[in-house]
Structure formats: structure tokens, C-alpha cells
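K.L.:
Starting from the structure of chain R, add chain W where the hints point.
Number of protein chains: 2
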Amino acid sequence: MKLLEERIRQDGRILGKDILKVDTFLNHQIDPELMQKIGDEFATIFRDVAIDKILTVESSGIEPAVMTGLALHVPVVFARKNKSLTLPDGVWTADVYSFTKQTINHIMIDQRFLTAGERVLIIDDFLANGQAVAGLVAIVTQAHAEIVGAGIVIEKAFQQGRQLLDEAGIRVESLARIAAFENGQITFMA
Amino acid sequence: MKLLEERIRQDGRILGKDILKVDTFLNHQIDPELMQKIGDEFATIFRDVAIDKILTVESSGIEPAVMTGLALHVPVVFARKNKSLTLPDGVWTADVYSFTKQTINHIMIDQRFLTAGERVLIIDDFLANGQAVAGLVAIVTQAHAEIVGAGIVIEKAFQQGRQLLDEAGIRVESLARIAAFENGQITFMA
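Residue numbers (my numbering), protein chains in the order written: chain R, 1 to 190; chain W, 1 to 190.
Same shape as in the complex, but just chain R (with noise of 0.2 Å):
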């Protein structure tokens, strides 16, 4: 999406080796128009697949699903991210540890909100390790629904995510493929 590019190479900040700040339009500061042409580009990449319900993770993954929800017209589901060791009942949950900030969280979704059978389309912010979408993917499996893609905004191409997914047989389509950081510059895949 040539207009993500552009804005990423605009206003991206580069920390350190592998971290990319993109907080004055995507995850701090949202710039809501560019957050519904990100849904509507979703939308048309998987508009020839059923989807019942998109899922994402708080908070950053929320606008581009709502976005993208929007045009699709299902509805969108945002598991919690929980820090404390007891969790509620009812809920589907699996461990998601944040290589940048050394944490584990549990995410959960309320049962309720995800049944057997249901076809369901990830949305998030970032690809990067793939831990977020790892523990989506296994959440989804617990409750016997059916992962249709995964629809990422940025991926950093250079790191394990997309492998992990490729290997779990999903269809991942990210908006922005960044093969490397070189000397503060960001280079996308061809």
C-alpha cells in the first residue's frame, strides 16, 4: 500500500536495531483517515472470503479491525490483555510474551464472542516476532473456529513472524513488507 509506505518512511522513528515507532498516526496518535483506507484495502484483498468476525488484540490492533470490520460489514472482536495470574471464567486465553518489552500477557476473549465454526479474519498492527498473532491463532483453535488470514498493517519482514504463520498454513497479506532497517533508512520488499 503505497500510501502506508509513505507515510511509514515519513514518520517512522527507528529505535535501536528492530524497533519501529509509528505512534503519531497507527499507535499513540491516529490519523483516522488513513485508518479507513487500511480497512478498506483489507476488505478488498479478502473480499472473496467468507468472514464471520474479525479479530484483534487491544489497543492498537482496534482501529485498523474496526476500520476494516466497517467495510465488511461483520463484527470485530478485541481480546483484553490481562497481567494478573487469575482469570475469569469463561474465557478463551493464551500467553502472549513481548519480545521488546520482556513481559508476558495473557490475552482473552469472553466465550461468548467466539464459537465453533466461525470463520474469522486476524487484523493487527504489527508483524514482528509473531507472538500477538500466535496467541490469536490459539485462541481461535480452542474454540473451534476457523482462521480465514491474517491482515497486518506493517511487517518487519526481517523478523520470524511471517515464517510462523507460513509454517501454520495462513494466508497473511501485510500492508507494508519492510525487508530492513540500514543506517536509519527503511527498505520495503519489492
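What the hints contain is simulated information worked out from the structure, not anything from laboratory work. Predicted model, so just to flag it, every value in this text is computed and none were measured. Some hints could be false.
It does not matter which identical chain is meant; a pair holds if it fits inside one copy or across any two.
To be verified - Heads up, simulated DSBU-like pairs for lysine-lysine below, C-alpha to C-alpha not over 30 Å straight-line: (1) K81 / K37; (2) K81 / K17; (3) K101 / K17; (4) K17 / K2; (5) K81 / K101; (6) K81 / K21.
P.N.:
Chain W alone, transformed into the frame defined by chain R:
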């Protein structure tokens, strides 16, 4: 907002004395079309007000805020919750006490995204005791920005939040105002 009141009556679950769960369409599962209508409604209500930025708190404030930003063509910033005692540099911050969870969250906004003189519309999913909105007000005050109003999706008018904001001279517009829960029934303000 008639449509919203009907949805609350249909799907809302009352827990205990004063908790309303609307997790089927607002804060766990999300109805994107309803969110868009909510955003359009806020845009109509505040159409004569000059607004530079919309401010909310993660996670459930994000969807109505982004839809309002889309309708009004202004950027959205969501405050992040932070339970840790150490805060990063360069943030505006406030403490928010949750009566429901009996916990204190720090909420914070990067100072780059809220600057002196900006006209800020606050959007949030709930107004109950007013702690979250009061935290946002404190942050806006720290930044020497200006609050032009607060748009609330669901107000529990029998709790003290509204009074708190009235006393602070803030214009509050709620799309659904709940007068009381009586015998498991929801009564809206006339």
C-alpha cells in the same frame, strides 16, 4: 440517540447495583456500523465548535473517538494506561482511580501529541464517577491546551461524573443517559 438506547436495552447486562456491561457491541465485541453512527452523531453535535484534536483513553474509548475523528477530519490521540511506577520522560500524566476494579492507573500522553493552545474534544465510552475524564482534563490542563467539550457514549447519570464536569465548566454531551437501574430494567433520562 434512540438507536443506542435501544441497543443498550436489548443487549446491556446489569451486574450488581450499578455496573452495565455492553460488551456485545462496545467494549469487547464491537459493532462497527454502530460506532460509525456514534461518530457521526458526535460530529453533528459538535459541528459548530473548532476542534484540533480528539482525546480518549485506551481501549474502549478508541473506536468512538476514531469514528468521530473520521467525521470531523481531526487526529485522535489515546492516552495509554500504565500500571508501573516508573514513567517515561516527555509525557503528560494523571492518575485514574477505577471504582469498578479498585485500582489506580496512570494514564499518559506523549507531549509531542498535545501542545499548548490546541482545542481538544474528549470522547469516552462511559461516564460514571468521572475519574477517566477527569484524568484527561488534568492532562489537557498540564499541556495548556483547551477543552471544548466531552462526548460520552453512555452516561450513568446517577453517579457523580456529570456533576464533576459541570462544576469544571465543561460541556458534556452524552448519547445515552441512564437515570437508574430498577429491578433489572434500565431507565433513560427523559
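K.L.:
Can you tell me if K17 and K2 fall within 30 Å by alpha carbon in one copy, between copies, both or neither?
P.N.:
within (24 Å within a copy, 52 Å between copies)
K.L.:
One pair to classify: K81 and K101, alpha carbons no more than 30 Å apart. Within, between, both, or neither?
P.N.:
both (14 Å within a copy, 15 Å between copies)
K.L.:
Indicate which option fits the pair K81, K17 if close means a Cα-Cα distance not exceeding 30 Å: within, between, both or neither.
P.N.:
This pair counts as both: shortest intra-copy Cα distance 26 Å, inter-copy 26 Å.
K.L.:
Up to 30 Å between alpha-carbons, please classify K81 paired with K21: within, between, both or neither.
P.N.:
both (21 Å within a copy, 18 Å between copies)
K.L.:
With identical chains treated as interchangeable, where does the CA-CA distance between K101 and K17 reach 30 Å or less: within a copy, between copies, both, or neither?
P.N.:
Within. Shortest intra-copy distance 15 Å satisfies the 30 Å Cα cut-off; inter-copy 38 Å does not.
K.L.:
With 30 Å as the alpha-carbon cut-off, assign the pair K81 and K37 to within, between, both or neither.
P.N.:
For K81 and K37, the Cα distance is within 30 Å both inside one copy (27 Å) and across copies (27 Å).
Hint check: no violations occur; every hint is consistent with the structure.
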